[in-house]
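From first to last, the protein sequence lines stand for chains X and S. Heads up: take any position in the first sequence, counting from 1, add 173, and you land on the numbering used here. Heads up: take any position in the second sequence, counting from 1, add 15, and you land on the numbering used here.
It is worth saying that the hints were derived from the structure and are not from the lab. Don't take each hint at face value.
Under 8 Å between C-beta atoms, here's a sample of chain X residues computed to sit facing chain S [said to hold, decoys possible]: (1) 213; (2) 214; (3) 240; (4) 263.
Glycine is no exception: its CB is placed at the ideal position from the N, C-alpha and C atoms.
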Amino acid sequence: MGEAAERLEHGFAAERFAPHLFGLRREYPGVIAAQVCTSDGFVVAQAQRDEEAGRRLAAMVSSLHAVGAAMIEDLQLGTYYHLSVEASLGKCMLFAVPGTQGHLLLAAIADSSMLWGQLLSACRTLNEQLAEIAGQGA
Amino acid sequence: MAEEHKIIFTGTMGAGKTTAIAAVAGKNMLRTEAANTDSSVAKATTTVGFDYGEIALPNGSVLRLYGTPGQARFAFLWRILARGALGLIVLVDNSRPDPLADLAMYLDNFADLVRRGVVVIGVGRSDTHPEPSLDSYYRFLESRQLMLPVFEVDVRESEHVLMMLDVLLSMLEMSDCEDETHG
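From just these sequences and the hints, can you work out the full model?
Quick look at the structure:
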């Protein structure tokens, strides 16, 4: 278990998330990186080789998620589901993992070969799997 | 004419940035806190995005107060939040192992504001941790050729936060006057 995973009160094991993250990358070659991190910016599990890049991503994911969630709350738009950012060379999507009281987040980064809807659908499916694992670990 | 001034609150995790903004901006404050999983700091939540609050001044101007996350992994946000900021308040927690090193890190990361001299430093928990003393802080700043005001504060007290903002606004006015004189 990684250092970040050990920090979690719930005891979520990185090993249980990682195969699903790698599975997303195998199934969709356009996915560059996938990560589960804590809402305060620590990596729990990731499917990417560059650990430093993963740490930076976790911090940015937690910030973006928090700002997005605060905006949704301020605008009274109900329950926050996900945040997506699209650019000329790729896109990223951030999700709160259901059933973790907002403690765990999923982030997926894809290049421009992957369609937005395709990534959204794949991430939703993955997020359901992660929620199930998180529920078992709680 | 009414103006808007962007002021940044920064400092280590637990130094009181969110508390300081809440003390003066009240209920309408925007928070982006997450559960803290870092067991080295005894704190239930931590800011991971930014805090935001406003104060309306009697002359119609508005102070827009932004609180940064404290941890260095959020340094990318420090740079974003500093854009367009007119002044900086650095909160230092005197109970931490090396408060002067903490201060140095924030002065380095907000170098543009420091260079313009529009920075106020608030030292917290000095009642229980009197060292470093204010003299030590001034000597430290002098060693970096900086002349910045340092105050012992309890950011739960709105008067203390307002006092730091007052001083900062005075420094901004003086800075504007100097620019006009030299411009």
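Restraint: residue 240(X) near chain S, CB-CB cut 8 Å. Satisfied or not? Holds: closest Cβ of chain S sits about 4 Å from residue 240(X), inside 8 Å.
Tell me if the interface restraint on residue 213(X) is satisfied: Cβ within less than 8 Å of some Cβ in chain S. At 4 Å from the nearest chain S Cβ, residue 213(X) passes the 8 Å test, so the hint holds.
Against chain S, run the beta carbon of residue 214(X) and see if the smallest gap drops under 8 Å. Interface hint status for residue 214(X): holds (6 Å vs cutoff 8 Å).
Restraint: residue 263(X) near chain S, CB-CB cut 8 Å. Satisfied or not? violated (18 Å)
In summary, the one numbered hint that this structure violates is 4.
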